[in-house]
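Sequences listed follow chains H and Z, in order. Just so it is clear: in the first sequence, position 289 is 289 by our numbering, and no numbers are missing. Just so it is clear: in the second sequence, position 14 is 14 by our numbering, and no numbers are missing.
Quick caveat, the hints were computed from the structure, so don't treat them as lab data. Owing to the predicted nature of the structure, the values given are computational and were not obtained by experimental measurement. Please note: incorrect hints may appear among the correct ones.
What the hints assert, rightly or not - List time: in silico DSS-like cross-link candidates among lysine-lysine, alpha-carbon distance up to 30 Å:
(1) 164/Z x 373/H
(2) 902/H x 294/Z
(3) 222/Z x 926/H
(4) 576/H x 640/H
(5) 164/Z x 345/H
(6) 355/H x 199/Z
This is what each chain is made of:
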Amino acid sequence: MLIKESRTYKLAKAALLAVLIALTPVTSDLKAQARPLPAAEKKEDPLSLLYKDAIKNLEEKKYKQALVLFEELDTKAVDVEPKLKAVVSFQKSLCHFFIKDWPRAEAELTAFLDKFPKGTEDFLSDTDNRRGTAELLLIEAFSKQGKWELALVRLEKIRTNSLARPEERVNAFTLSAQIIVDRAKSSPEDVKRAAYAQAITLLKQATADGISTPERREAAYKLVEMYTKLGLTKEATQLKNEIDAKSSGSPVEVVRSNFQRLEIGDARFSGAETAADENFRADFYRQALTNYQGTLRRANLSSSFGRAIEAKQNEVDTLTKNFPKPNPEQAANLEKTKQEVVQFKKIQEEFNANKDYDAFISYRIGLCLLELKRPWEAHVAFLDIFENSPGFSRISGAYYYHILALRRIGRNNEAQAKCKEFISKFPKDEQVSSIALILGDISQEREEFPEAIAHYKWVQANVKSLMPEVVEEIDFRIAACLFSQVDWAPAQKAFEEFLKKHERSPVRQQVLYMNALCSFFQGKYKETKADFDKYEKEYPKGQFIPDVRYRQAIVKFGTSPRDIPGTIKLCEDWLKDYSKDNTEEVMSQMPEVYTLIGDANIALADEIDKKVKDADRDVRLNAKTPKKAEFVEIKAKSEKEKEVVTNKAIDAYEAAARSARTNPQALEFVLGELRKLLPGRGEHKRMRDLFKEIFDWNHNDPKAMTYLYEVIRSTERMGDMPEFAAESEKVRKKFSAQLADARKAVDTLERKQGVTQPEIDVAKASVRKLSAELEGELAKVEVKRQVSIADQKKRALKILSDAVSESINDRTQEGTEKLIVFLAEKLSRKIKRVKAGTTPEPGTYTSTEAEKELVKLLRLDDHRESLVAQARGFFALGQLAIFTREPEKTAANFAKIAANYKAEELNPTILAMVGDSLLAKGDQKKAADYFGYILEHSRSSEYADYGFAGLAEIAFDNKKYAEALSLCNEAIDNNILMSKELDLRFTRARSLAELSKYADAKKEFEEIAKTKEWRGEKTAASLYWLGLMAERQATNDMGYNEAIAYYRRCHMTWKKYEVWAAKSYFASAKLFANKLNQKDAAKVLLKEMLEKDRIKDTREAQEAKSFLLGL
Amino acid sequence: MRLSFFLPALALLAAASSPAQTFVFKGERWEINDPFKMDSSIPPKPVVDAKKGTINVIRGEIVRVSNTGGMEVTLTRKLSEVTEVIWPLPSRLKDAQDNVSRGEPAKALDNVEAVLKFFEPIKNVPGSWWARASIVKLDALDRLENDAATESFLTAFEKEEAAKLPEVATQIQLARLMQRARKGEHDAVIKESTELLTKVDTAELQARLHLVKGNSLFASKKYEAAMATYLRIPVFFGSETEIVPKAMLGAARSFRGMDSPSLRDQKLDTVANRYLYDIIVSYPVSKEAEEAKKMLPKEERAKAEADQKKIAAGGPLPDGVIMAKPKLAAEEKVEGNK
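Let the hints inform the model, and build the full structure from the sequences given.
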């Protein structure tokens, strides 16, 4: 993806190599070089001088001059010991080597090795005759000339020579590995990988006995490199850590180690990018991240360089001080140390020049974190780049990924701001197009279409370097936004322009379709048909064909005159063709097609209804003509016909509802239609069954409660079955004829002369008897009806109880409390209220029965083991007591929760309600626990403000005013104000007052006092507090009078809040008496106060009495 | 072609020093018995090798028996003659560090005092662990939140030569900042820690400073800034295993502080719980894991504990989990204390 070998990395590698070259000793042991030739022991002969001169040139890296002198020496020194000839041969080969004259170096080294089996013997070193070095140099000379095989053969000899020095054998293994890898450099990947594997085998042998020497550590470094190349990161990391543990801490090693770590990270990262298996990918990203995080940052490296330079410089100073006249060995040592200082400084300079180093590490870390689904950390990683490396060379990439991170954490506003910042800062960057798209896409995704359009237009106007495909996409998106915000005419215009401007667009099909929809939604059915026909012609098997066919049906339904049969036919054909299609689009469209069938049938029913009405009118007009029967028949037939189509419509709506699980809009529409149709037809069971099915789709759906409510209501209505009405009617009919006869008989007897009164009384008694019988029969039917209703109500409660019981054990289901409140309210309505102190009649449903039933319905006995279920039981009883207006019971039940449950066992609803109850009862400690838990865990819940308000109140009561203020500010500033805004503002005002921030407090109290919606106790309290603040600040009569004015407003306007009224009265009286020297006025006021029934028993009243006596 | 750099590279690299306990005198090196290495006797006694030097702190000497030509000679050097100490991380100092990270400050003090006592006579010699041990003691005292003891120790420590070392000086500054944070001077702590962050270079100090700054931002209810500060620690200093769980805990608390009904869509409570889960899973034996367990809702706590057991038994890492990373070896090498 974005990871390439960074410039930083290349620079640091170059720096490292520069150090290594610079520190190359021109010869081997400097001690030996200083040793004079034996011939020179007696007197400085010309050969000795020549040798010294040659060595001097060699040391000064003047290889060509040195070579000339060594060749001269070789010619002149004919009669000398073999070891001296060997020394000259070896030095000549070194000169060739450093001149990079590989063929001559090869020839000289071969000659040295062939002619001098004892090498330089003890001349240059007591322990090293330089044959080993010559072998390695020769191998290198072979390699330089691409003579791989020769080099490898020589190396194998060293590797297998048990007499060779161990370190030479280690070097041979390492060199062999390097040559094998270099040999395969230009080969195909599989050959390269085979070479890496072969190199690993060799290097493992080189490091088999540990990595305690520089040679072995070098081999280990190579082995890490090979492991990395083969993707064996675990092995690479393990070995790397081992090497680091043995590191000498020199800057060279630090840099090398550091960049090797980066390399391993990069290898892992690219491994992750190409890994097919998701699990491996995550592992690889983790490994990459670990390596990046382990890489030292600039400050650390710079300081490490600084320390190393300082130490080396001290070494130079000490050597200079200790050896003012150094011998050659000391001089060489001093020179070497000086060179190290120079090179360390060079690394430091190179490093300091690379400003991107830290940013690259942050960038890579950010990418890994983003891939590892840790967007918050990625956000922080990219923030680091913006804060500390704004000039980062890949800043555009950082912006892009930071924007992605912001989107993933849901910070879309910030993401948009970042997009704009980027576009304005880097208008010509190659990322500008994609970032420009993101800008609008965020608003589009949030359905903020005007903003999205504005963003896209801003991009069109401000970004000059948009790619053509982005221009096209923006044109489409603008049209789509207009479409989505139902601006049909502008959307259609935009689509038409799009079709003209981008004829061969990949989204042409969609644009044609949406363009047709624009006509459709404007009600231009003629144009719609033409547009859809065009679409069907161009894309007969297009992805929108199902929708197009459905819309064509709507067009038929919408055109004038309506083609209802045609509409229904198209819909039925659609269902036939797509009923087994499980694609998301078709599934979502199905309820709409059913709904259209329903609508078409309802339209038919409406047409038939006209016929019914006409027939009815004709029946009335022809009531006394022979035609009446004919019209009656027409009416009956039409009614029957209407009933048939209405049933079809209901069936279609029902089918629509049942298939609308993925189409909430269609669902809402058809449920609305069914709510109008079914109850009126007494089809409560059908209604109940349908809503139950929908409720069961998802009990956590935000509308689940509404569906459940319909289930309950329909179930209750089911009790009042039409059969009861029919039976009553039948009874009435049966008795009405008999009663008519009986009444007629009475009437006849009364009119008939000669009939005695007893005879009439008998007839009347017969009427009464019949009446009573009728009443009795109707009562029987009513009893049956009531039983049926009660039975259904019981069933409804059971459904509710089932719903509650299902989630009563799950603390996280906040909807359960709502159901409990619903249930408690239902039960409370069954209670027959009696006056306080009156014993209810036996068998009356009282609150005690309701409590028992509630416990039963919550099935608390089945959930004995569940703490949260038991707590919800107490909560339910507390809520029931709220509905039955029994505050003591509420407090008692909430107290049980407080006594038995830790905050973590409850959910925010219960914590908030019980916390409030505890606070009211004065149990601040427990209340604080509950409120604290809400603040800790549920700041985004609907009850978060209870936590803030409760804790602020407790802090205020404990005179921790700053803490109370801070809590209130936090809630108010973050708009955590659902039910407790007034409490929070009131506590904030009081805290400000107690902290003597009177101006701010006054604003707050005045705001409360003037807000109509908050009129009540807090208004009274605010007026009192305004008075109190005025009193505290008063320094003269005017000030005291201002305070009295507030107090007066309080006690005169808000007598019903006796506590505040009493406080205000008493405070005014004290001011009159003590500050304004108006004792009479004070007495009058106190008397008035003490006459008030509500105030008499307050604490202030008691104090006022004493105060009055003292006046 | 990089062969030409190979041989010179070998010449450049010096032999690695062995990590044995060694005192360097002028022109001489003595291996020293490790007083923290105990045998298996009951009660355990320090393992003593007569050939190695043994320290007599009271006399301020090191005594060693040398066998020259069959003759045993007892050699004595003054502790004041030691010019360099080569000593791997003492086990009790490591224990003390672990105690601090596990939230056992009293045990940490017990362990660290032994180290301080041993290195006291050579506290200013290069390679001595005294300064490091003092810093661990400072940490332990900080954990105990005993301001009086911390103040007294800091005052004495500041007068020491070691306190002038840049790293130690920064640690002392850090400790002072922590003291101020405890006193509630959060604005000042935020300002000074921000300044100090530009001056310190080691990952450990950077991480510690971020933690102090994050704590003060959190205490000032600047939750967003606190979150971003805390998260820098796992993001950039992930191998600081002592500090990372503290930072993650702080981040979790900050996310909870940031949460409000208007930000419900960002699911900050879930994000916070995720960090608590990570602490339990990745740092199961830390004090912070215990704290995280208390903070997590009980259902999620149970899941975190179960997942931690699965991971400990070699199960796969759940999605998004990044395991605690051990400190990289380079930072633990013997030279680290110089």
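Verification of the hints:
{"no.": "1", "hint": "164/Z x 373/H", "verdict": "44 Å, violated"}
{"no.": "2", "hint": "902/H x 294/Z", "verdict": "12 Å, holds"}
{"no.": "3", "hint": "222/Z x 926/H", "verdict": "28 Å, holds"}
{"no.": "4", "hint": "576/H x 640/H", "verdict": "28 Å, holds"}
{"no.": "5", "hint": "164/Z x 345/H", "verdict": "26 Å, holds"}
{"no.": "6", "hint": "355/H x 199/Z", "verdict": "17 Å, holds"}
In this structure, only the earlier hint numbered 1 is contradicted, and the remaining ones agree with it.
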